[in-house]
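Participant: These are the residues of each chain, in order.
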Amino acid sequence: MKSSNGKTIIFRRIILLSIIIVCFLFLAMFISLLVASFPSIIKFGISFFTGSTWDPVSGQFGALPFIIGTLLTSITALLISIPFALSIALFLGEYFNSGPISNFLSSSMELLAGIPSIIYGIWGLFVLAPVIRSFQLAIGVPPLGVGIFTASIILAIMIIPYSASIAREVIGMVPEELKEAAYSLGATRFEVTKKVIFPYSGSGIFAGILLSFGRALGETMAVTMVIGNSYDIPNSLFSPAHTISSLIANEFTEATDSVYVSSLIEMGLILFVITIIFGILGRFTIQKLSIKD
Amino acid sequence: MEGEVLNSFLKVEDLNVFYQEQQALKSVFIEFYRNKVHAVMGPSGCGKSTLIRCFNRMHELTPGTRVTGKIFMNNEDILAMDPIVIRRKTGMVFQKPNPFPTMSIYDNVIAGYKLNGIHLKKTESDRIVEESLQKAALWNEVKDKLFKRGTFLSGGQQQRLCIARALAMNPEVLLLDEPTSALDPKATKHIEELIVELKNTVSIILVTHNIGQAARVSDFTAFLYLGELVEYGTTEKLFTVPSDRRTEEYLSGKFG
Amino acid sequence: MKKELTEAKLFINNIKDKFFTVLIVFLSIAMVIPLILILFYIFRNGIMAINWELFFNIPKPTGETGGGVSNAIVGSLILIFFACIIALPVGIASGIYLSENKSGKLAQIARVTVDVLQGIPSIVIGIIAYIWIVVPSKSFSAISGSVSLAIMMLPVVIKNTEETLKLIPLSLKEAAYALGVPYHRVILKVVLPAGLSGVLTGILVSVARIAGETAPLLFTAFGNPFFSTNLFKPIEALPHIIFKYASSPYEDWQSIAWGASLILVAFVLFLNLIAKVVSKKWKVKF
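Residue numbers (the numbering used here), protein chains in the order written: chain U, 1 to 293; chain C, 294 to 549; chain A, 550 to 835.
Fair warning: there could be bad hints in the mix.
[To be verified] Derived pair list, reagent style SDA-like, types lysine to any residue, alpha-carbon separation capped at 20 Å:
#1 U/Lys179 <-> A/Asn563
#2 A/Lys829 <-> U/Ser58
#3 A/Lys829 <-> U/Gly114
#4 A/Lys687 <-> U/Val35
#5 U/Lys7 <-> A/Lys782
#6 U/Lys43 <-> U/Ser58
#7 A/Lys738 <-> U/Ile14
#8 A/Lys782 <-> U/Thr253
#9 U/Lys179 <-> A/Lys567
#10 A/Lys738 <-> U/Thr8
#11 U/Lys194 <-> A/Val571
#12 C/Lys441 <-> C/Glu465
#13 U/Lys7 <-> A/Glu649
#14 A/Lys687 <-> U/Thr256
[Said to hold, decoys possible] Part of the chain A face toward chain C, derived, beta carbon under 7 Å:
#15 Leu721
#16 Pro742
#17 Ala743
Simulated from the structure, these hints should not be mistaken for lab results. Quantities reported herein were computed from a predicted structural model and do not represent experimental measurements. Glycine is no exception: its CB is placed at the ideal position from the N, C-alpha and C atoms.
Generate coordinates for the entire structure from the input sequences, incorporating the hints supplied.
Facilitator: Next comes the structure, spelled out in structure tokens:
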């Protein structure tokens with residue numbers, strides 16, 4: 001009996017240790033990024049964020065073009081995705097709860113979510129970009145095919161399944177009684193959606209937007225293939241650009257001197273911090289919503 | 294039972310049980326006898342489940358539980374022993390039948406050995422399985438499908454499987470916590486008949502909220518109310534001439 | 550007059566409702582189109598590149614025929630295998646801890662940490678593995694790639710394990726305790742087997758996810774034009790070679806990229822399918 005008690009103690013210690021490792025992992029990641037960014041932080045300080053010149057040769061590293069590139073692609077992708085994500089969430093959550101159509105759409109979303117990022121990238125480059133190129137020719141814009149617009153579309157397609165599932169989760173939290181009360185008073189589905197569902201889950205949907213935004217910010221491979229690789233500050237939706245992640249993806253292995261590497265790592269740190277903030281904000285808001293009832 | 298010699302094997306002295314700040318059992322003194330069926334009855338919340346779960350220290354699974362007093366089994370204080378040792382000497386059957394879903398009927402019966410890493414030779418385990426299933430009156434119904442999953446049986450059969458599983462460990466006492474609450478009347482009748490038969494093999498303590506059941510199967514009955522042992526005696530006496538007014542009221546259905 | 554107004558209002562409401570419904574359905578179904586287009590083009594362009602050489606040859610310089618991605622296929626499998634060895638023990642153990650400790654400060658902190666970990670961009674995880682392993686060892690390596698993939702697997706495995714084990718009813722554990730089974734055996738021999746399908750599903754889903762990841766490998770595994778199984782040297786992987794070849798200006802390489810894409814998509818979809826089957830067929834009912 002004594003030995004089984006000993007084994008139990010060892011077991012309890014092992015699972016405790018595992019969870020502590022996980023918590024420390026996160027802390028260690030943050031500290032590593034911070035320390036590795038020090039050379040760049042010390043050298044450039046705030047001008048890292050405001051400088052628009054990225055020139056490895058002369059040792060000048062300003063991240064502004066890429067911060068703008070990241071924000072532009074992510075915000076555009078978000079705006080494109082919102083109507084689709086909300087529609088799917090309402091479709092699956094309210095209009096067609098079950099049945100073959102619902103299963104079909106649900107499975108399609110799962111499939112889309114399962115496609116690897118690089119596949120979106122190769123498809124974007126060889127299938128979507130030529131289409132965008134023709135479109136750009138038609139409206140008299142330089143027919144690059146690649147650029148912020150193309151990247152935003154691919155990004156939107158990638159985040160729609162994710163944001164739709166969060167929106168669906170949030171819409172599902174609306175109490176049945178509230179909806180039934182409205183329906184029994186003769187409200188149409190549109191009115192119930194507008195006056196009951198959206199007000200109730202408004203903050204949750206907002207949280208979903210925050211989470212999706214965080215997702216979009218960190219997306220790398222698909223964006224890298226179609227972003228156009230430019231170091232200039234983008235001046236239009238059709239400009240080629242770089243995002244923080246596409247820049248890192250392209251240049252990290254080329255980086256020779258320590259300041260160069262450190263600057264790239266600092267960009268990674270920025271990405272790390274921003275996605276975490278959005279992630280925590282989003283999750284916190286959803287938790288508050290689910291505690292509400 | 295006139296003039297019969299009673300063999301006491303389980304003795305509870307001044308047992309108090311607290312769940313956080315609430316007292317579930319107050320100063321209980323009670324004694325149990327070999328090869329007899331003892332019913333513990335009372336309304337919901339009276340502490341009967343708490344009492345029976347002290348006998349195999351299962352009360353410790355609920356965090357925040359405090360216990361004072363002594364429980365002697367064969368003159369050893371259960372509360373001072375290694376809980377695992379005492380649990381292997383007692384068998385428990387729960388309200389909802391709970392055979393292990395990933396195991397066959399055969400493996401379920403010898404689960405007490407398997408899960409504890411006790412290795413049995415095939416002849417040995419075959420013998421234990423057949424004996425236990427015979428004692429639980431289940432052998433004939435399952436002997437041809439010993440290697441099927443236990444969860445395919447009916448509710449009553451599953452419960453008898455759980456009884457067999459407990460008996461396989463040769464326990465000193467069988468603790469039954471409302472074993473027929475979740476069963477239909479026919480299955481309940483089978484189990485009640487089984488309980489009466491089993492007392493020749495093992496001592497039994499039965500928690501029940503069914504007054505009729507207590508009357509039908511037990512030799513001794515204890516009546517608990519709000520954590521106190523109100524009355525305890527032979528079933529015959531308690532049901533015909535109860536000493537306490539509360540017992541009388543409970544028996545006549547004034548509360549429950 | 551009043552009656553006409555009300556009737557008109559009802560009519561408009563009805564129109565609004567129908568219009569909105571059509572809009573919702575249209576936008577929802579529209580999302581299936583990109584899916585169909587993507588799968589179609591992957592299949593069409595990929596199938597043209599599928600031949601024996603693709604599977605069994607190593608890459609050849611552009612211009613030479615008969616190049617293949619065998620080194621990438623094997624590399625991916627090796628990276629996944631070692632990522633599992635690193636992530637699964639810690640992940641499952643952590644999941645067990647969280648399912649057994651519903652409240653408590655450490656559990657709460659850990660849950661938030663796991664959520665946050667799940668949201669970290671994969672390229673940043675690649676940077677971490679670079680800092681922790683590539684820099685000290687002064688070499689790109691398969692092991693650093695596996696570490697970055699393991700970090701990505703961890704949150705999914707932990708969450709799945711926790712959610713699955715939380716569903717195991719208390720009655721099962723009580724049955725085992727009553728038989729005198731000690732705690733560690735209750736978890737390992739009763740709870741975990743009962744939740745096997747859920748835990749396995751989590752593993753399959755997380756493997757499907759890391760199989761397609763490129764960013765964390767860019768500066769860890771780094772890629773290797775030759776066939777290699779050495780853990781301490783650079784190694785090629787399917788998503789990485791797709792990136793390299795698709796970004797190149799050479800048509801024969803691009804064609805190989807499509808072929809490799811088809812293989813990758815088929816593999817990932819297959820894993821997700823198995824995960825669904827396991828989740829339904831092996832599920833233990835209580």
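Participant: Now look at each hint and say whether the structure bears it out.
Facilitator: Status of each hint after checking the structure:
For the given pair, U/Lys179 sits about 18 Å from A/Asn563 by alpha-carbon distance, which is consistent with the 20 Å threshold. Simply put, A/Lys829 and U/Ser58 have alpha-carbon atoms about 60 Å apart, too far for the 20 Å limit, and the pair is violated. Taken as a hint, the A/Lys829 and U/Gly114 pair is honoured in the structure, with Cα atoms around 19 Å apart against an allowance of 20 Å. Simply put, A/Lys687 and U/Val35 have alpha-carbon atoms about 18 Å apart, close enough for the 20 Å limit, and the pair holds.
As the CA atoms of U/Lys7 and A/Lys782 are separated by approximately 39 Å, the hinted pair breaks the 20 Å bound. For the hint linking U/Lys43 to U/Ser58, the alpha-carbon distance of about 14 Å falls within 20 Å, and the restraint holds. Pair hint A/Lys738 plus U/Ile14 holds up; C-alpha atoms about 16 Å apart against a cutoff of 20 Å. At roughly 16 Å between alpha-carbon atoms, A/Lys782 and U/Thr253 fall within 20 Å of each other, so this suggested pair holds.
The hinted pair formed by U/Lys179 and A/Lys567 meets the criterion: a straight-line CA distance of about 18 Å does not exceed 20 Å. Restraint check: the Cα-Cα separation between A/Lys738 and U/Thr8 comes to about 13 Å, which is no more than 20 Å; the hinted pair holds. Distance restraint check for U/Lys194 and A/Val571: the Cα-Cα separation of roughly 16 Å lies within the 20 Å cut-off, and the hinted pair is therefore satisfied. Using a Cα cut-off of 20 Å, the hinted pair C/Lys441 and C/Glu465 is violated, with the two alpha carbons roughly 29 Å apart.
The suggested pairing of U/Lys7 with A/Glu649 holds, with an alpha-carbon distance near 17 Å, which does not exceed 20 Å. Between A/Lys687 and U/Thr256 the CA atoms are separated by roughly 14 Å; this keeps the pair inside 20 Å, and the hint holds. The beta carbon of A/Leu721 is positioned within 7 Å of a beta carbon in chain C (closest approach about 6 Å), and the interface hint is therefore held. The beta carbon of A/Pro742 comes within 5 Å of a beta carbon in chain C, closer than 7 Å, and the hint placing it at the interface holds.
At a threshold of 7 Å, the smallest CB-CB gap from A/Ala743 to chain C is about 6 Å, leaving the interface hint in force.
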